[in-house]
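Engineer: Sequence:
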Amino acid sequence: MDILFTILVIAAILIVFVVIQNIRRQRYLKTLTEDQFIEGYRKAQLIDVREPQEFERGHILGARNIPMTQMKQRLNEIRKDKPVYLYCQRSSRSNRAASLLHKRGYEDLNQLKGGFSKWTGKVKTKKKGY
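For the sequence shown, position 63 (counting from the first letter as 1) is numbered 63 according to the UniProt record's numbering, and the numbering increases by one without interruption.
Among the hints, erroneous ones may be present.
[Said to hold, decoys possible] Quick list of in silico lysine to any residue cross-link-like pairs, SDA-like style, CA-CA up to 20 Å:
hint : residue 1 : residue 2
1    : Lys124    : Gly62
2    : Lys122    : Glu54
3    : Lys103    : Gln21
4    : Lys82     : Lys124
5    : Lys80     : Asp108
6    : Lys113    : Met68
7    : Lys103    : Lys122
8    : Lys118    : Arg64
9    : Lys113    : Glu54
10   : Lys43     : Pro83
11   : Lys82     : Leu32
12   : Lys118    : Ser91
13   : Lys124    : Gln89
Don't read these hints as lab results, they were simulated from the structure.
All chains, please: the whole structure from these sequences, using the hints.
Structural biologist: The following block contains the structure:
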């Protein structure tokens, strides 16, 4: 009985932590539908935070690839005075990228709802040379 109670308390603490993180993230990160994303990304810095091989298989036309794994080292490539539009495959990496950018003083942060996996707009793929 004590083990079950301990597990329930730990689970409750984790749930509260996740809810608080999501509330905080909503203050600085706007999650946009595809239509909203399309409306604004041409005037913004469009950044694909997936790994290079994912980017090469297909990415939103006009996107730059700055993988989440390289984000800290490449912050100088992202301007603070322009909106930042982020996406990854499903939204988890773009959430982490937004958190990092927010901590470094970036303010106008946006992400694609559902990530690239939900994207139905124009896509560019890298052609393989033979």
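Engineer: Which of the listed hints are broken here?
Structural biologist: The structure conflicts with hints 4, 7, although it agrees with all the remaining ones.
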